[in-house]
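Number of protein chains: 2
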Amino acid sequence: MAEQVLGAGPGGTPSRATIAEVAARAGTSVSTVSKVLNGRPGVSDAKRDEVLELLHGIGYQRRGEGRRSRSNLIDVVLPYINSLWAVRLLDGAEREAERAGVALVVSAMAGRTLGNRLWLERFKQRRSDGLLIIAQRIRPELADELPRLRAPCTMIDAQGAGIPGVPSVGSTNLTGARDATAHLVELGHRRIGIITGPTDLVYSQQRLDGYRAALARGGITPNQAYEKYGGFTIESGYQMGGELLDLPQPPTAIFAGSDLQAHGLYQAARERGVSIPDELSVVGFDNLQSCEWASPELTTINQPLEDMAGLALRMLVNMAHHDLAPNASRVELATSLVVRQSTAPPPA
Amino acid sequence: MAEQVLGAGPGGTPSRATIAEVAARAGTSVSTVSKVLNGRPGVSDAKRDEVLELLHGIGYQRRGEGRRSRSNLIDVVLPYINSLWAVRLLDGAEREAERAGVALVVSAMAGRTLGNRLWLERFKQRRSDGLLIIAQRIRPELADELPRLRAPCTMIDAQGAGIPGVPSVGSTNLTGARDATAHLVELGHRRIGIITGPTDLVYSQQRLDGYRAALARGGITPNQAYEKYGGFTIESGYQMGGELLDLPQPPTAIFAGSDLQAHGLYQAARERGVSIPDELSVVGFDNLQSCEWASPELTTINQPLEDMAGLALRMLVNMAHHDLAPNASRVELATSLVVRQSTAPPPA
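Protein chains in written order, with this note's numbering: chain Z, 1 to 348; chain F, 1 to 348.
Hints listed in this document are in silico derivations from the structure and should not be mistaken for laboratory results.
Each hint should be verified, as a subset may be incorrect.
[What the hints assert, rightly or not] Below, simulated SDA-like cross-link-like pairs (lysine to any residue); rule was C-alpha separation at most 25 Å, straight line:
#1 LYS124/F / SER44/Z
#2 LYS47/F / ASP179/Z
#3 LYS124/F / ARG99/Z
#4 LYS47/Z / MET109/F
#5 LYS124/Z / GLU98/F
#6 LYS228/F / GLU292/Z
#7 LYS124/Z / VAL43/F
[What the hints assert, rightly or not] Listing some non-contacts, in silico: residues in chain Z with all C-beta distances to chain F over 12 Å:
#8 SER15
#9 SER34
#10 GLY42
#11 SER71
#12 GLU98
#13 ARG139
#14 THR175
#15 GLU186
#16 GLY218
#17 ALA225
#18 LYS228
#19 TYR229
#20 ASP246
#21 VAL339
#22 ALA344
In this text the structure is predicted, and so the values were computed from the model without any measurement.
Backbone N, C-alpha and C fix where the C-beta goes; we use that ideal spot for every residue, glycine too.
Take the sequences, apply the hints, and build the full model.
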């Protein structure tokens, strides 16, 4: 049996006469009905519902709009769903999708290879209008494949480097790391440690560079014993934080490269009877919800993850539905310092 | 322009001759090719990729499989994405979707009305194969609409009560609350408080009932001053927890109706210089990731959220693709106590 479509021919666009009739019955303008048909803003929810109701009543079911057939689906692929970091991105993408009148098809790679044939086949079968990739690392084979897809593609957090022909969105990591460290310097700290991420990620290097830049500006000589590398995980924060606190002369403040590392550092401090912020100041990075759940609440650098995802999605919709090229191949949105309760002047 | 479909007629199923040819070229059986076509398990990833590659090479693009046209899309609608609770459910649904060969279309209501016309219109336009609703409360209008949708529907956490004709999945709340409280009784606590949720939710009542049942079994007379009602939020845990700790004779242990409430309670305790677990034991409910980030790590009741969502999704796929009725109209999966560092015997 073929697909069942109520009263819509190929393309599914109702005739001008039909649009005029619906406008008249809804007591509104042709342009408003057109906005509803095209999922554009500027129509109240109540009016939109009324127009859709009328359209539905005359047997119209929107399938494609304008020049070419659209699925009004955007695929989002990400490494794992179950993280507060991923979920801020999904949240931002979903809100923008709602505004743009498209729906998100969400899939997680969960250890599978991003870009395997099965996943690509399914993506093509859905005929999604675009693909938003959230990934820290991209396999070279996939990088080759992406520009050959019929649908446009954008990326978030693409290794800082990106893929030719695929616009990407990130945040100002270097500035964020500098601001985090400068905050500690301004509070009067001189012995400041850092826990950063894996050395092969551009982000880890940027966080270290920002830290060193702020130390230099504060006239503080860097101490290699205060620089730790780990994963962006709670375990890593616990371990590296413990090593920093066990130094003969431990730091009085630590900049953790992620909020999760900061949570692990909290545990290491508690086990050693080190009080935050009286004896140790801590700054995180990301501004996950858990910063407000931590006790004391965690001072951190906000990454505008919702806005990053919203922008990447908007670029996709502009490319797919309006033939608008992206403004730039790489966009970085500004980070900001969020001061809470985990930072204070050093002990006297 | 009509939709572009590569070499697939209505239904999109390749002929027996085509399947046999692909099987021969892939050096495999017709039954294996058929499994790949139908998204069924029992085929290695490598072989599946090879078969899909061959099918794709001869211009086949799967659209429908078997008797009726399928979109292989399942809609998931939830109140908010940005919560650790929602994300465990999404994670479980996505894993099961991957196994079943369907993709998830995720939308959040974010304060909009679940079941408004616009959302329903979009759902119908997508012709999704099914609808998974995650919600604590359902508007009566939507309850009327759901059985009339052409696609099957399941629910998670439907107020405990559910909607006639819509199968739902939950967890054993009452047992979980009893186990949480019994754990505190067994540690020797006699002054045990509870912070539960809004009085109109079945869950809140079940948590209170389980708490009282465990007290009764421990021979402890209930004390109304120890029973607090609030939202399932961190703020509520902070406020109600503070009220409990400020009592002339405060409890030595508190069962919080959600992990978020427990996080708020941690803050209230820290501000009052009350040490967890030495002076106060705390048990949460849900087992969110944040339990491991808390310091000390939080003892809690695990809700098998991933399994709940996976089961609800599997029921949907069985109904939509295999005409299998659900096993029961209401299924509750077992909770379990997870002991971490926030509980200990009462101070001497």
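For ALA225/Z, is the shortest CB-to-CB distance to chain F above 12 Å, so the non-interface label stands?
Its Cβ never comes within 12 Å of chain F, the nearest being 25 Å, so this holds.
CA of LYS47/Z to CA of MET109/F, is that 25 Å or under?
holds (19 Å)
Given the hint that LYS47/F pairs with ASP179/Z, test it: the Cα-Cα distance must not exceed 25 Å.
Since the Cα atoms of LYS47/F and ASP179/Z sit roughly 51 Å apart, the hinted pair is violated (cutoff 25 Å).
Assertion that SER15/Z lies farther than 12 Å from chain F (Cβ):
holds (17 Å)
Does the no-contact call for GLY42/Z survive, Cβ to all of chain F over 12 Å?
Non-interface label on GLY42/Z holds, nearest chain F Cβ at 14 Å vs cutoff 12 Å.
Holds or violated: is the Cβ of ARG139/Z farther than 12 Å from all Cβ atoms of chain F?
The claim stands: ARG139/Z keeps its Cβ more than 12 Å from every Cβ of chain F (closest is about 15 Å).
Taking the shortest Cβ-to-Cβ distance between TYR229/Z and chain F, state whether it exceeds 12 Å.
At roughly 21 Å from the nearest Cβ of chain F, TYR229/Z sits farther out than 12 Å, so the non-interface label holds.
Are LYS124/F and SER44/Z close enough, with their CA atoms no more than 25 Å apart?
Satisfied, since the Cα-Cα distance of roughly 21 Å is no more than 25 Å.
So VAL339/Z supposedly isn't at the interface. Is its beta-carbon more than 12 Å from every beta-carbon in chain F?
holds (17 Å)
Are all beta-carbon distances from SER34/Z to chain F longer than 12 Å?
holds (16 Å)
Are all beta-carbon distances from ASP246/Z to chain F longer than 12 Å?
holds (18 Å)
Mind verifying the non-interface call on SER71/Z? Its CB should be farther than 12 Å from each CB in chain F.
violated (8 Å)
Consistency note: the structure conflicts with the earlier hints numbered 2, 11, 12.
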